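Number of protein chains: 2
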Amino acid sequence: MDLRMRGNAKLKGKGKEGVSGLKGNCIVAQSGGPTAVINESLCGVIQEAQKHKEMEGIYGAKNGILGLLEEELIDLRKEKTSTINSLRTTPGAALGSCRYRLKSWSESRKDFEKIIASCRRYNLRYFFYIGGNDSMDTANKVDQAAKRMNYQLKVIGIPKTVDNDLVFTDHCPGFGSAAKYLATSVMETGRHLESLYDSETVIILETLGRNTGWLAGSCALAKRSEEDAPHLIYFPEIPFSLDKFIKDVKEVYRKIGGVFVVISEGLRDEKGNYVYEKKDGVSTDAFGHPELEGISSYLKEVIESRIKLKTRTIKPDICQQSAVHFASKVDMEEAYLVGREAVKSALEGKSGCMITIRREKGKVYKRKTSTAKLSLVANMEKRIPPGWINKKGNFVTGEFVEYARPLIQGEVAINIQKGLPYYPRLEKREILDKW
Amino acid sequence: MDLRMRGNAKLKGKGKEGVSGLKGNCIVAQSGGPTAVINESLCGVIQEAQKHKEMEGIYGAKNGILGLLEEELIDLRKEKTSTINSLRTTPGAALGSCRYRLKSWSESRKDFEKIIASCRRYNLRYFFYIGGNDSMDTANKVDQAAKRMNYQLKVIGIPKTVDNDLVFTDHCPGFGSAAKYLATSVMETGRHLESLYDSETVIILETLGRNTGWLAGSCALAKRSEEDAPHLIYFPEIPFSLDKFIKDVKEVYRKIGGVFVVISEGLRDEKGNYVYEKKDGVSTDAFGHPELEGISSYLKEVIESRIKLKTRTIKPDICQQSAVHFASKVDMEEAYLVGREAVKSALEGKSGCMITIRREKGKVYKRKTSTAKLSLVANMEKRIPPGWINKKGNFVTGEFVEYARPLIQGEVAINIQKGLPYYPRLEKREILDKW
Chain D
59 MDLRMRGNAK
69 LKGKGKEGVS
79 GLKGNCIVAQ
89 SGGPTAVINE
99 SLCGVIQEAQ
109 KHKEMEGIYG
119 AKNGILGLLE
129 EELIDLRKEK
139 TSTINSLRTT
149 PGAALGSCRY
159 RLKSWSESRK
169 DFEKIIASCR
179 RYNLRYFFYI
189 GGNDSMDTAN
199 KVDQAAKRMN
209 YQLKVIGIPK
219 TVDNDLVFTD
229 HCPGFGSAAK
239 YLATSVMETG
249 RHLESLYDSE
259 TVIILETLGR
269 NTGWLAGSCA
279 LAKRSEEDAP
289 HLIYFPEIPF
299 SLDKFIKDVK
309 EVYRKIGGVF
319 VVISEGLRDE
329 KGNYVYEKKD
339 GVSTDAFGHP
349 ELEGISSYLK
359 EVIESRIKLK
369 TRTIKPDICQ
379 QSAVHFASKV
389 DMEEAYLVGR
399 EAVKSALEGK
409 SGCMITIRRE
419 KGKVYKRKTS
429 TAKLSLVANM
439 EKRIPPGWIN
449 KKGNFVTGEF
459 VEYARPLIQG
469 EVAINIQKGL
479 PYYPRLEKRE
489 ILDKW
Chain L
59 MDLRMRGNAK
69 LKGKGKEGVS
79 GLKGNCIVAQ
89 SGGPTAVINE
99 SLCGVIQEAQ
109 KHKEMEGIYG
119 AKNGILGLLE
129 EELIDLRKEK
139 TSTINSLRTT
149 PGAALGSCRY
159 RLKSWSESRK
169 DFEKIIASCR
179 RYNLRYFFYI
189 GGNDSMDTAN
199 KVDQAAKRMN
209 YQLKVIGIPK
219 TVDNDLVFTD
229 HCPGFGSAAK
239 YLATSVMETG
249 RHLESLYDSE
259 TVIILETLGR
269 NTGWLAGSCA
279 LAKRSEEDAP
289 HLIYFPEIPF
299 SLDKFIKDVK
309 EVYRKIGGVF
319 VVISEGLRDE
329 KGNYVYEKKD
339 GVSTDAFGHP
349 ELEGISSYLK
359 EVIESRIKLK
369 TRTIKPDICQ
379 QSAVHFASKV
389 DMEEAYLVGR
399 EAVKSALEGK
409 SGCMITIRRE
419 KGKVYKRKTS
429 TAKLSLVANM
439 EKRIPPGWIN
449 KKGNFVTGEF
459 VEYARPLIQG
469 EVAINIQKGL
479 PYYPRLEKRE
489 ILDKW
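Protein chains in written order, with my numbering: chain D, 59 to 493; chain L, 59 to 493.
Be aware that a few hints might be false.
Put simply, identical chains are the same to the list, so a pair is met inside one copy or across any two.
[Claimed, not checked] Quick list of in silico lysine-lysine cross-link-like pairs, DSS-like style, CA-CA up to 30 Å:
1. K387 - K476
2. K168 - K426
3. K424 - K476
4. K368 - K387
Derived by calculation from the structure, the hints in this document are not laboratory data. These figures come from a predicted structure and were not determined experimentally.
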């Protein structure tokens with residue numbers, strides 16, 4: 059395939075720089091694990107970009123940065139307005155996502171050259187990357203590569219992660235909806251368990267969260283009285299001791315007659331080793347993160363063998379990242395907002411930064427957006443502040459609940475067809491050269 | 059505690075038999091694993107019973123049959139109308155449930171004598187038991203014990219099981235809501251997986267269903283196009299072969315680039331043995347059913363070691379039995395209906411039977427209720443008809459989908475407070491003798 063042919067006649071704009079700023083095409087991509095609201099951010103970018111004449115063409119990169127490496131671009135102006143709008147309440151990454159890792163300039167030089175060559179060929183001048191910490195690292199490296207290669211490109215990161223662990227932002231779009239879904243599930247399964255304490259006494263619900271316990275902690279929102287689930291929550295931030303865990307479970311059992319435990323997948327012992335970690339060839343991802351399958355089953359076995367209480371496990375896994383059917387309206391709105399703000403920031407001439415959300419002081423929840431340098435955000439992780447976990451290390455404090463509560467507010471109307479959600483796909487998903 | 063004292067002054071009615079039938083108190087109980095709609099049936103019983111003067115007192119047995127064995131009765135007339143109404147959309151069994159097994163007359167004679175003694179003491183003349191096949195066995199035995207002991211008692215079973223495996227009824231209340239929740243989850247997680255086929259290629263979602271594949275099959279409702287999840291479904295009804303499974307997964311992977319597999323927890327090999335079954339002292343329930351923890355993790359390991367495709371597992375477990383937040387309206391209505399019909403049947407003089415749902419012929423879904431003998435229903439299991447599973451044994455046919463589709467229709471408005479469902483409990487949960 060002649061790559062030069064692909065980028066010719068069909069592209070709008072010629073990279074002029076008007077008084078109002080850089081002119082050219084923009085590209086948006088999604089990276090890492092999708093969230094329930096990741097497409098809100100995509101739509102925020104598209105719909106804001108459509109308002110500005112500097113943004114001539116609006117393209118989507120297929121599967122994150124791979125779309126630029128493999129020159130698989132989608133012309134988003136060809137999509138119907140109604141399709142774009144209905145994507146806002148659709149799970150998964152509408153453009154496709156990836157977990158591709160860009161290494162250092164010297165190690166990944168070929169990749170950087172390919173990426174900037176694609177930008178030149180398609181006259182891409184605005185680059186919006188929606189993702190979490192690994193993705194912000196990618197965006198940061200693209201920004202640096204463009205500068206190094208004297209290619210004028212505005213790179214803006216758009217925060218997205220259910221893990222809620224990006225630094226410099228009060229919280230991350232995606233977290234609120236995952237928290238709402240998890241808290242609701244804990245409420246429902248807790249009530250179920252309560253009916254059957256005599257025969258099924260312990261539940262272990264395993265949330266995502268390899269290094270941080272934001273999602274596990276958010277399950278506390280379900281609790282309105284002492285008898286309500288959850289009764290115990292364990293965090294990667296606090297060294298996990300099996301003996302203490304068993305003691306905690308026994309104590310709750312004596313008091314309440316049943317025990318609802320929430321654990322974060324990434325529990326570690328005092329030495330910092332995962333409490334349960336499979337080691338085989340397939341079980342690490344592209345970023346070298348270890349596979350954590352099985353922690354809840356392991357703890358179930360420990361409880362059943364040590365204290366003979368029948369235990370069930372629940373592993374919602376990617377349900378918590380994709381449950382649009384009960385998403386948080388606040389989260390949806392904020393995901394859209396950060397997409398729009400990314401476009402505005404780029405047009406103001408900013409580059410190499412990520413949009414952040416700041417919470418204003420006061421009893422009523424208010425936020426505004428700001429930006430933080432990608433180089434400071436990339437690969438960093440925000441953990442739960444120590445004061446937001448109780449002294450026993452087995453529940454959150456009121457501060458955590460006050461922090462999380464505003465983020466799960468409001469419900470979202472979704473399109474239902476024949477009893478099930480209608481989740482559209484982009485209609486013209488052919489890559490650019492096919493048109 | 060003097061048991062005789064407990065049943066004295068506070069009971070209404072004196073067991074008179076009017077022209078219109080038997081007069082006395084009625085008792086309702088919930089048994090087995092709750093469903094999202096189990097309290098609809100409870101409310102159906104209560105609200106219908108309130109209309110009839112033959113039903114003098116309306117009591118709930120705490121934790122199923124245990125409430126009669128241990129004389130823990132709740133006076134349901136003391137609950138506010140608003141509480142009863144709001145229970146209709148509350149998960150878990152509001153009265154508590156149990157998995158207690160009554161054996162044969164000779165083996166469990168003491169239990170039967172206690173139960174009938176309780177009935178006499180509290181002048182209970184109508185006994186409504188909400189549950190699945192094991193619970194219908196309990197109801198049947200209570201009916202027989204009453205006859206044997208010359209105690210006039212009308213016993214009616216009210217069908218409830220997400221497993222959808224009761225015989226003589228077109229379907230079971232609880233199934234539709236579980237099916238709607240599972241199909242929605244498959245739709246959402248399927249779209250998530252699709253975004254990341256490059257790095258996470260296979261999903262195994264494990265549904266409940268020890269002996270029947272109704273829940274696994276219902277996930278097919280999520281599929282609207284070839285690329286849509288699920289791609290493969292495996293049933294307890296069809297002997298499972300690991301080699302064939304791997305072949306199926308490889309075939310879908312080649313065609314689509316990713317594979318969404320749904321499995322029922324109770325997969326068996328050609329000899330009828332569970333494909334994966336843990337054997338230890340704690341892992342059977344009161345009915346001797348084996349514990350099936352781990353089948354999805356096991357198959358994940360098989361895929362990763364044999365064909366090196368990264369695999370994730372999802373185990374919604376009791377989420378599928380309790381997800382009121384996205385329940386089926388049709389299912390809710392039918393659960394209420396069978397509760398009401400139970401009362402009407404008892405007043406017509408019926409006993410020893412279960413309410414059934416019949417589907418009327420025609421393109422538009424219509425149903426009516428009928429009854430079946432408990433002795434024929436108890437401990438039987440309805441499996442998926444062979445013609446409703448495809449020849450390869452790895453998906454359902456159109457007949458299955460046509461059957462299941464009407465049962466998931468309609469959404470239910472739930473009470474939301476501060477971003478999460480409001481699920482009340484009975485207010486006066488003290489047992490009878492305390493008042």
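Do the hints match the structure? See the list:
Within a single copy, K387 and K476 get their C-alpha atoms as close as 24 Å, and across copies as close as 12 Å, so both meet the 30 Å cut-off. Neither within a single protomer nor between protomers do K168 and K426 lie at most 30 Å apart by alpha-carbon distance, with minima of 39 Å and 69 Å respectively. Proximity of K424 to K476 under the C-alpha cut-off of 30 Å is restricted to the inter-copy arrangement: shortest distance 16 Å between copies versus 38 Å within a copy. For the identical chains of this complex, K368 and K387 are neighbours neither inside a copy (38 Å) nor across copies (33 Å), given an alpha-carbon limit of 30 Å.
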